[in-house]
Amino acid sequence: MNPAARALLGRAIDPYAPDTVLFARLVGARIEGGDLPVLGLDAGELAKLIGRHFPGATFGHFLHLAPRTAFTRDLHALLMWHDRTATRHRDDARCLAAIICAASLRPDHLWRDLGLSGREDVTDMLDRHYPALVARNVANLRWKKFLAQEVAHARGEAPTCAPGCPGCEDYAFCYPDNR
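Residue numbering for the sequence shown follows full-length UniProt numbering, beginning at 1 and increasing consecutively.
Treat the hints with caution; some may be incorrect.
The calculated SDA-like cross-link candidates involving lysine to any residue, where the alpha carbons are at most 20 angstroms apart (straight line), are [said to hold, decoys possible]:
{"hint": "1", "residue 1": "Lys-48", "residue 2": "Ala-70"}
{"hint": "2", "residue 1": "Lys-48", "residue 2": "Phe-71"}
{"hint": "3", "residue 1": "Lys-48", "residue 2": "Pro-15"}
{"hint": "4", "residue 1": "Lys-48", "residue 2": "Arg-90"}
{"hint": "5", "residue 1": "Lys-48", "residue 2": "Gly-28"}
{"hint": "6", "residue 1": "Lys-48", "residue 2": "Ala-7"}
{"hint": "7", "residue 1": "Lys-48", "residue 2": "Thr-58"}
{"hint": "8", "residue 1": "Lys-48", "residue 2": "Pro-18"}
{"hint": "9", "residue 1": "Lys-48", "residue 2": "Thr-69"}
{"hint": "10", "residue 1": "Lys-48", "residue 2": "His-76"}
{"hint": "11", "residue 1": "Lys-48", "residue 2": "Pro-37"}
{"hint": "12", "residue 1": "Lys-48", "residue 2": "Val-38"}
{"hint": "13", "residue 1": "Lys-48", "residue 2": "Thr-85"}
{"hint": "14", "residue 1": "Lys-48", "residue 2": "Arg-112"}
{"hint": "15", "residue 1": "Lys-48", "residue 2": "Met-80"}
{"hint": "16", "residue 1": "Lys-48", "residue 2": "Arg-11"}
{"hint": "17", "residue 1": "Lys-48", "residue 2": "Arg-88"}
{"hint": "18", "residue 1": "Lys-48", "residue 2": "Leu-36"}
{"hint": "19", "residue 1": "Lys-48", "residue 2": "Asp-74"}
{"hint": "20", "residue 1": "Lys-48", "residue 2": "Trp-111"}
{"hint": "21", "residue 1": "Lys-48", "residue 2": "Asp-14"}
{"hint": "22", "residue 1": "Lys-48", "residue 2": "Ala-86"}
{"hint": "23", "residue 1": "Lys-48", "residue 2": "Asp-108"}
Estimated spans, in silico, between C-beta atoms of each pair [to be verified]:
{"hint": "24", "residue 1": "Val-38", "residue 2": "Ala-7", "range": "15 to 23 angstroms"}
{"hint": "25", "residue 1": "Asp-177", "residue 2": "Ala-7", "range": "19 to 27 angstroms"}
{"hint": "26", "residue 1": "Asp-35", "residue 2": "Gly-10", "range": "21 to 29 angstroms"}
{"hint": "27", "residue 1": "Arg-11", "residue 2": "His-89", "range": "14 to 22 angstroms"}
{"hint": "28", "residue 1": "Ala-135", "residue 2": "Arg-52", "range": "38 to 46 angstroms"}
{"hint": "29", "residue 1": "Glu-157", "residue 2": "His-89", "range": "29 to 37 angstroms"}
Hint data in this document are derived by calculation from the structure and do not stem from the laboratory.
Even glycine gets a Cβ: it sits at the ideal position worked out from N, Cα and C.
Working from the sequences, and respecting the hints, build out all of it.
Shown next, in the form of structure tokens:
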């Protein structure tokens with residue numbers, strides 16, 4: 001865990017709650033990388049998330065992301081539909097879905113784009129929030145590819161890659177027919 005995540009947990013209401021730890025890692029990774037704007041939350045959403053989990057933690061300037069693309073809107077809706085915690089923690093569910101959507105636009109593996117330690121961290125996060133989606137990944141696809149296929153399926157379209165996939169070092173591995 002990076003120093004920014006540890007600092008956030010030092011201000012946490014419950015530093016052992018799984019989602020508090022998860023949000024500390026997700027936000028902390030963007031703070032450490034100096035790219036908080038790519039987190040996927042606007043200033044108001046981030047301020048509310050910080051207030052709910054890490055009261056007293058402050059940040060200087062917030063930048064806004066560009067409006068969501070059709071892909072991220074559809075992925076966000078898919079994630080919200082499947083989030084089993086959304087009835088109890090709707091605001092956190094929205095924030096997590098937005099963060100995952102923003103990461104799907106970046107050109108690396110989802111775990112790296114989220115600032116996590118590996119695929120297992122992504123699987124644990126997805127399993128806690130979206131177990132029905134995890135259960136459908138019977139081919140053990142990489143998560144960004146799987147989520148893009150789920151969005152295409154929900155739209156009634158042929159499977160395609162996530163917007164960030166073409167820039168990834170493993171694009172040819174995941175999509176050998178698109179070389």
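Here's how the hints hold up against the structure:
no., hint, verdict
1, Lys-48 with Ala-70, "violated (25 angstroms)"
2, Lys-48 with Phe-71, "violated (25 angstroms)"
3, Lys-48 with Pro-15, "holds (17 angstroms)"
4, Lys-48 with Arg-90, "holds (12 angstroms)"
5, Lys-48 with Gly-28, "holds (16 angstroms)"
6, Lys-48 with Ala-7, "holds (18 angstroms)"
7, Lys-48 with Thr-58, "holds (11 angstroms)"
8, Lys-48 with Pro-18, "holds (18 angstroms)"
9, Lys-48 with Thr-69, "violated (23 angstroms)"
10, Lys-48 with His-76, "holds (19 angstroms)"
11, Lys-48 with Pro-37, "holds (15 angstroms)"
12, Lys-48 with Val-38, "holds (17 angstroms)"
13, Lys-48 with Thr-85, "holds (18 angstroms)"
14, Lys-48 with Arg-112, "violated (25 angstroms)"
15, Lys-48 with Met-80, "holds (18 angstroms)"
16, Lys-48 with Arg-11, "holds (14 angstroms)"
17, Lys-48 with Arg-88, "holds (16 angstroms)"
18, Lys-48 with Leu-36, "holds (15 angstroms)"
19, Lys-48 with Asp-74, "violated (23 angstroms)"
20, Lys-48 with Trp-111, "violated (24 angstroms)"
21, Lys-48 with Asp-14, "holds (16 angstroms)"
22, Lys-48 with Ala-86, "holds (16 angstroms)"
23, Lys-48 with Asp-108, "violated (28 angstroms)"
24, Val-38 with Ala-7: 15 to 23 angstroms, "holds (20 angstroms)"
25, Asp-177 with Ala-7: 19 to 27 angstroms, "violated (45 angstroms)"
26, Asp-35 with Gly-10: 21 to 29 angstroms, "holds (22 angstroms)"
27, Arg-11 with His-89: 14 to 22 angstroms, "holds (19 angstroms)"
28, Ala-135 with Arg-52: 38 to 46 angstroms, "violated (29 angstroms)"
29, Glu-157 with His-89: 29 to 37 angstroms, "holds (31 angstroms)"
When held up to the earlier numbered hints, the structure conflicts with 1, 2, 9, 14, 19, 20, 23, 25, 28 and fits the remainder.
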